[in-house]
Amino acid sequence: MWVLFGPVLALVVLGCRGPGPGPSSPASPRPVEAPQLPAEPGEVLAVVFTSVDCPIGNAMAPQLRRTLARAREQGVSTFLVYPRSGLTLDRAAEHARDYRLEGTILLDPDKHLVERFDARITPEGLVLECLGPDRFQVCYRGRINDLYASIGNRREQPSRHDLREAITLACQGRPVPEPHPPAVGCRIERVP
Amino acid sequence: MIPGLFHAMVVGMQLSGAVPSATTEPPPTWHGGIGSLVAARCGDCHAPDGAAPFVLASPEDFRPRRSFVAEVVGNRLMPPWLVSGGRPVHGDRTLPEPDRSALLAWLTAGCPTGEPPAGPSVVEEAPEARPLDASEASPRLHLRMRSPWTVPAEGGVRWYKAERDKRTFVLPVGNPRPLRVRALDYRSAAPQTLGAVAFSADPTGDGRRMVDWDEEPGSYMMADIRSVPAGALGIVGPGGGRLEYPEGFYVPVPPGSDILSEVHYRPQGRERVLDDTLVLETLPNAAPGRPLLPVNLMVPRVTLKAGETRRYANQLTLPVAVDVVALTPRASARCRALRLEARLPEAESPVSLLEIDDWNPHYRSTLVLEQPLRLPAGTVIRGAWDYDNSDGNPRNPVVPPESIDLGARSGAMNVLLLSAPVERREVRELMEFIEVESRRNRG
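Residue numbers (my numbering), protein chains in the order written: chain A, 4 to 195; chain B, 183 to 625.
Chain B on its own, in the form it takes in the complex (with noise of 0.2 angstroms):
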């Protein structure tokens, strides 16, 4: 991403073994490379209708906000990304330590423009929203929500009660037959008030009736419908967004479906009208493909005192050899830091499969793996949560902490390890495997 002028000068201050001083080297300027850094790092969500606050497209954007950017890029607040270790994944938006003291001492600088470019021109635009594939191998299915819905402008008894901030709205499919589905893609008509927005495929109809109970559209509850739980098909986020599963696999979609969107919001300061849309590209039934399968590790209940820490730990043991695709981490506010990890049969030590030293749910989503990952029958996955709920905890969503007795039925705090079995024959098995964990969790 960062073009050859701008490295160039990076590797440069390497190279002479100075560290990078605004006295010895000129500012880098916008043109010689900071504009494209900043397409490729910011640009995708502070972007027009993106689901950032404001836009960050040009020198004159940042200008009349420089510090206050310097203070959040050198706390590391942004670009939100909460991958700290463990597997390497697709989109990793950690900013890389040259990139950042670049931006710093752009800002510092007092953001200058440089010259642009003779000829043609090197720096890179921000991506265009990538088009989904039309072709007909790769049928899109264009659903939208029954029908729109107000963020309020705060929270209050409506929003965030046992941390309820979110809803559960129903995308009718209808579907004759099995769908296979290898990308979502999600647009909202507000993103900047959403979070995570998780998908989930109902064809229990139980969604639905959950919904018409509610005199609003959609429902308060979650999208854990029996054993299914809330995000199996996906999580996307901040804003929506689109998630794409690695060619040759899909998450199934039975007949006869809703699509569940379990939107997670949080009030602006004013009203917000939610008018979304899903786009879901589908493979053929006849297609090669693998389906993946959401392995749950769970912890069912969370229970602290206020101001008591404490750590949850579930384990559990793969009955088949599967790849893991994908990881969709679950847990509340007042969860610091997770860590999940494999310990393959005979192994000496367990695999870190993905650790967060800095959990925050407003950025979760599904974490596509760079390199599905093979494991064997017997392998044990096990998964820890350090909760506090104590006021040293800055994300503790109330002050003075309270008690807090929380509990889903796919768990108050999870991880779903998107997984295909390696032998198609085996399924079946994992998906018993699924239903017999999901029960024995919920005692």
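Looking at chain A on its own, in the form it has when it is part of the complex (with noise of 0.2 angstroms):
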């Protein structure tokens, strides 16, 4: 199962080139069955594969915050994904808010979507395009920058915004050129 609520269902709709709605904040956590990512064809979205504790994630939180507060002006829907088992919604939005990370929440205890896109890190980002009913092009499975070299090594600043780029490109209706960077992080438990 796994589990939908946030500023949510009214971005649903929109497609990449709509008018961007402003961020809005979060409702209170509301948990929705939703067996599928929401999105229209032809729809942009940036999905990130996140965790509560991860260091090197939350290390790299603001420029993420950015990224996504900048997608959604572009029009594009933007997720968090927090595959670990066990985590309740109250925790992943504790999380989201203390970070001010701005995106429909999603748990995936059950490694869904972990399964669907084959992520492996948190932090990861994925930018997808919709093609149809519950079909998505993916156009970057990546990290999103480059605050850290490898695990322990850790950069001053990020020089490059990976997953920003490829939002933009997405949303230019332009190729993300390979290979997409792999995301560096904490490795996700595939069996739950």
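In case anyone wonders, no lab produced these hints; they're calculated from the structure.
Here a beta-carbon is modelled for each residue, glycine too, at the ideal position from N, C-alpha and C.
Some hints here could point you the wrong way.
[As the list claims (entries may be wrong)] Now the stretches of chain B that chain A is said to cover, found in silico as 3 or more residues with beta-carbon under 8 angstroms:
no., segment
1, 235 to 248
2, 573 to 584
[Claimed, not checked] Not close to chain A: a few residues of chain B, all C-beta gaps over 10 angstroms, as computed:
no., residue
3, V265
4, G268
5, D394
6, R448
[Stated by the list, open to error] Simulated restraints on C-beta separations:
no., chain 1, residue 1, chain 2, residue 2, range
7, B, P294, A, P178, 29 to 35 angstroms
8, A, A72, B, A300, 53 to 59 angstroms
9, A, P185, B, D274, 29 to 35 angstroms
Take the two lone chains, each set in its own frame, and fit them into one complex as the hints suggest.
Pasting the structure below:
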């Protein structure tokens, strides 16, 4: 089961080139059964696999916050997927609030989204284009930025903002050049 | 630390000559030894309010991240420990290979809990933070930051420019008489943001002026004051913690001092407030004891073009016989490795004092030798630091690399050898030597 709540449903119908909704503050957690990522054909989605206590992901949160805010201005729906089993929605929402990350929160304890999009790490960013009902093209899957060269090796500042660039390209309908730099962070436990 | 049961298992594997494998041996369990291994090897930091980002104190803490932990432990990134050779030091965190393979086998097996032992528990609990000795003989001083300071959420102009990921605070003591400090215990309100915390005594008031000059609490400048290097009293970390000098030795704090704490921090993605305290455990002035003076072997400046690698070295000759009790290394993130050795007069080959193959400033601290090392007058101490300002250095804080020209009064890189003269009457001579060396190196 995965669970959906947030500033959410208003965004779902908006395509990439539609008028961008202003950032809305998350409503109180409202679990919704949702078997698939809600999106309309042609819409671009930014999906970030994240975790409440990965120090690498948390260190990148300020840049990620700006990337997500900018994506929403471009009309992109943003999602925060928490794959950790046993995590409560309240805890996930608290994390998103503490780090001021805006996006629809999805809990994925059974790793449906993890498996489907082959996510391996938190934080890992995906840019998807919706092709039709529950059909997506993966435009990008990789790191948020290069703040970390590898686990334990942190730079002063990121010099490349790969997820942000990928979102911009996808919104312009242009391909994101390969290879997509792999995410550095905390490995997701596949087996629940 | 390893309880008998677990030990027996590991020894059994070795005796049978078989490579330990999950298929031939039942996997270790939490109650069968892993619990106490984790308490001893991870528990200090991965505890509530510890320096590490999450708690590791039960199988449930491990299960949802077991392959990640296995990756990190397998790559020897955890537990963090810098020393790869030289003299044995207290608190060595190197994970012995049998422990590492047992932990990995347990993670691979899905973190089995096993049977809790019947009767009295053989599982050692994580050691409680050791209470300070409250006896009259060791008066304790509780010092607190004058006002809290907020660590910013992310790096930027306030952080890390010229590698200034640090802030210096003044902890007023106002001691009318000299103090003899034998232990320091730093308790941070936000340990996860902190790497090393370096302490020094400042009787000059310069530190206070430096801090008053800054708009916010503390100062962005280093805690080097005149010839007293930052960290002269010792360095703890990551996240604070306790440092104790061996029986019979102390670090001196002159009358009318402030303690300067140079705090090295890393933004954590959200603001964190430092409102920290330092406990000094002192010896009465009448008690017998020998002062530890910071003999500073330093290289004052590092100048490297982008992409350049270079070995820096320097040496000094001890003017008097000393007992070296502790070593405190300093270098920035572009340093990859360092070596410290002593060549005794007329000795054939040098004695290795300290070897660090994979330097990481985040994890530096004062290293107290298991046994004080006696070095005669005339001993030459030599240090070498390998710097790598290329993008092949994963710890290079800037990509693409930029040229750097960094200097510090007490050394862009150094090792403080906390040393006690063997002869009491030679204390002054060693102090003078430290002054002269400091002036010589600054040119």
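Structure-based check of each hint:
{"no.": "1", "hint": "235 to 248", "in the structure": "holds (count 6)"}
{"no.": "2", "hint": "573 to 584", "in the structure": "holds (count 7)"}
{"no.": "3", "hint": "V265", "in the structure": "17 angstroms, holds"}
{"no.": "4", "hint": "G268", "in the structure": "22 angstroms, holds"}
{"no.": "5", "hint": "D394", "in the structure": "28 angstroms, holds"}
{"no.": "6", "hint": "R448", "in the structure": "7 angstroms, violated"}
{"no.": "7", "hint": "B:P294 / A:P178: 29 to 35 angstroms", "in the structure": "47 angstroms, violated"}
{"no.": "8", "hint": "A:A72 / B:A300: 53 to 59 angstroms", "in the structure": "57 angstroms, holds"}
{"no.": "9", "hint": "A:P185 / B:D274: 29 to 35 angstroms", "in the structure": "34 angstroms, holds"}
In this structure, the hints that do not hold are numbers 6, 7, in rising order.
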